[in-house]
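2 protein chains.
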Amino acid sequence: MMRTRPLKVALLGCGVVGSEVARIMTTHADDLAQRIGAPVELAGVAVRRPSKIREGIDPELVTTDATALVKRGDIDVVVEVIGGIEPARTLIAAAFEHGASVVSANKALLAQDGAALHAAAEQHGRDLYYEAAVAGAIPLIRPLRESLAGDKVNRVLGIVNGTTNFILDKMDSTGAGYQEALDEATALGYAEADPTADVEGFDAAAKAAILAGIAFHSRVRLDDVYREGMTEVTAADFASAKNMGCTIKLLAICERADHGGSVTARVHPAMIPLTHPLASVRGAYNAVFVESDASGQLMFYGPGAGGAPTASAVLGDLVAVCRNRLSGATGPGESAYAGLPVSPMGDVVTRYHISLDVADKPGVLAQVATVFAEHGVSIDTVRQTGKDGEASLVVVTHRASDASLSGTVEALRKLDTVRGVASIMRVEGE
Amino acid sequence: MMRTRPLKVALLGCGVVGSEVARIMTTHADDLAQRIGAPVELAGVAVRRPSKIREGIDPELVTTDATALVKRGDIDVVVEVIGGIEPARTLIAAAFEHGASVVSANKALLAQDGAALHAAAEQHGRDLYYEAAVAGAIPLIRPLRESLAGDKVNRVLGIVNGTTNFILDKMDSTGAGYQEALDEATALGYAEADPTADVEGFDAAAKAAILAGIAFHSRVRLDDVYREGMTEVTAADFASAKNMGCTIKLLAICERADHGGSVTARVHPAMIPLTHPLASVRGAYNAVFVESDASGQLMFYGPGAGGAPTASAVLGDLVAVCRNRLSGATGPGESAYAGLPVSPMGDVVTRYHISLDVADKPGVLAQVATVFAEHGVSIDTVRQTGKDGEASLVVVTHRASDASLSGTVEALRKLDTVRGVASIMRVEGE
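Line by line, the protein sequences are chains A and B.
The C-terminal position of the first sequence is numbered 430 in UniProt numbering, with every residue numbered one higher than the one before it.
The C-terminal position of the second sequence is numbered 430 in UniProt numbering, with every residue numbered one higher than the one before it.
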């Protein structure tokens, strides 16, 4: 049974993602109508540069006044693909106030102000969906908050940034250094002119905050996420990783900690075994591992960015939100009932791979081992190489807290026989 | 805001899956209540053998009268984990008639009577959810019918039976024959005493029917699915596969055909390149590739069977259905508006790997090549080996229809110089 009055959609932003959303809404209009139960109509498109020619979009729909568009009062769903904090936040708030539901792809905003946005949606009885904010087309938000709603998620471990995965994969497969691999990523359009948000881990940290919040039914904000970028990963680190049967990935890791009494969320480069499914995630692809009590290990894999894949996620949400509008219901809102606190990075327990430049003389290993022991960090393996009075020690530890490891490293730096700490890398996925 | 009157759940079946559902409903009662917005209560458990001791289940809830349980009138959700066609079908129909929604894990029933069950659910304004029917804990039904609702799915390619994947993986990694690998699977509990449903592909075919129906918004029944088991896969086939840089998997493949005018669904063993992500799916794990217009390639991976993983999928559905009950809405029902017909296997286009035992004399290759050409099947590569008057020819074709290939093989068998067709295997995933 098809309703004939169309649902009206306002599109905020018409860049790489927005233009794909508009295109699919037009080319797949019949399918969308069948799947929603009513036709869905693009009622307005807010852009910054109205003069730009947008193929397939009626010029009369284009406006520079996004505020007026969301306040029109006849809009059923606002699709926000502008990105950034403002004006997106104010526009979304206005959308709820004027009766619209919202589909957003805005990871930065969700990670910073998710709770307030959810509260506004609930206050006005509207939906806030944002599958596209994490890992592009990969269904992740919906499986976490619906498919696994009867399970207890213990860990989310993923590659959620395609740019950095492209760079690290290139370094791994060609032996290139960071700068060389970044230059290639930029030339191919995988990295932006200013790659800071990607390579320093800000983008992945926002996604980690969103995933941790949903997975653990608690509030986790961007500021709660420990973040280390991958600009200091070297070809030597990849050589060390290979020696251990590992590769290096920039991982977002969200875990229950402290016997379930708290959670941790962090983004940093880490060694993972080549046998781990995440190790074979190539190029700009994303993949996320989810470990739960009952379902065990699940993995979700796919393109983590790009106009069409992100638009697919937006449109899946649009269909759900439109169906909810028609039935007068709302989908799952924020679920933060568990209220678990976020533990600091010092409490995180994992394994470490540490490379030290040391003096090539007897007794150094004993000195170093003593420092580890004094800080309660148990050593798994040590490899010692040396020539011409210079030597290096590679230590791989058993599981230890980040705080203990930091204390160990600080003490090591004070040893006369330790000339430098060449690298410290966490080892995950074992 | 929490409602205090509990939602009542009737559990039909208390075997491997049902007992896990009951256990998690008890141990995670608080979490489930928070996520649903009301407590959820086990109101009755229908079993065949009431005398069996069931840990953690109040004996007063146990009954052998499943019919009376679903007809009580106060049941909000019936969870059906009996399996098989009857009495499950009659009980589900009675559940809808008496006002309950249904969560089912019953792939055989859904593949055979999905349309009628969906119609009954819709008639009574209730939900029919069945995430657990396909690939255990892996979220697949929900992503296909919700996350990808704004996209156009073109192909679903998956390993959806853990038993056969365990056997094939064992054959691949150890060089064992089929019977030896099956015996090990049986000893480890991965195969049932009568493994027919798994090894002959019936289980996978039911899942293929369900996936094809949802992916293509059309009705696909078990009978529409072409099915070949994997009992005739030999160690020699694995050796051939390795020569091609491939392995062998039992695949469920659902595709659009005929320029989108129809669909095909099939289950058979196939060679896939080692570089394909499905090639590295080990043991009893399942994984499903979904290819769509906008989102590109997605993969979903996880445990495809087992009590706890399947229970996780059931409980995810239970939470969704309970939420719908509270809001007075229903989730997405059957979507068969596209009404695409199912094409016969002869229309399927793919590549083939054919091993022939031939006479070791000049001119045989020319004869064989002529037969391929006469049937319009283009040859990609031929490898010829021979000694002592016996020889074998391994032909890999370009893409051709199954009908053309069948005609080719029939004609080859009639050649005097062809002593036998040792194996025919499709090549997928390229």
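Do not rely on the hints blindly, as some may be mistaken.
Since the list gives no way to pick one copy over another, a pair counts as held whenever it fits inside one copy or between any two copies.
In silico lysine to aspartate or glutamate, EDC-like type, Cα no more than 20 Å apart, as pairs [unchecked claim]:
1. 152 with 31
2. 152 with 30
3. 387 with 30
4. 152 with 172
5. 52 with 374
6. 152 with 41
7. 71 with 97
If you are wondering where the hints come from, they were derived from the structure by calculation, not from laboratory data.
Under a CA distance limit of 20 Å, which applies to residue 152 and residue 41: within one copy, between copies, both, or neither? Between copies only: 19 Å across chains, 39 Å inside a chain, cut-off 20 Å.
Quick one: residue 152 to residue 172, C-alpha cut-off 20 Å, is that within a copy, between copies, both, or neither? The answer is neither: 35 Å in one copy and 35 Å across copies each exceed 20 Å.
When no copy is specified for residue 152 and residue 30, does a C-alpha distance of 20 Å or less occur within a copy, between copies, both, or neither? Result: close only across copies, 12 Å inter versus 39 Å intra.
Using 20 Å as the alpha-carbon threshold, which applies to residue 152 and residue 31: within, between, both, or neither? For residue 152 and residue 31, only the inter-copy Cα distance (9 Å) is at most 20 Å; the intra-copy one is 36 Å.
Could you figure out if residue 52 and residue 374 sit no more than 20 Å apart (CA to CA) within one copy, between two copies, both or neither? Cα proximity of residue 52 and residue 374: none, with 65 Å in one copy and 56 Å across.
20 Å Cα cut-off: does residue 71 pair with residue 97 within a copy, between copies, both or neither? Only inside one copy: residue 71 and residue 97 sit 8 Å apart there, 45 Å across copies, limit 20 Å.
Intra/inter-copy verdict for residue 387 and residue 30 if alpha-carbon distance must be at most 20 Å: Classified as neither: same-chain Cα gap 72 Å, cross-chain 62 Å, threshold 20 Å.
When held up to the earlier numbered hints, the structure conflicts with 3, 4, 5 and fits the remainder.
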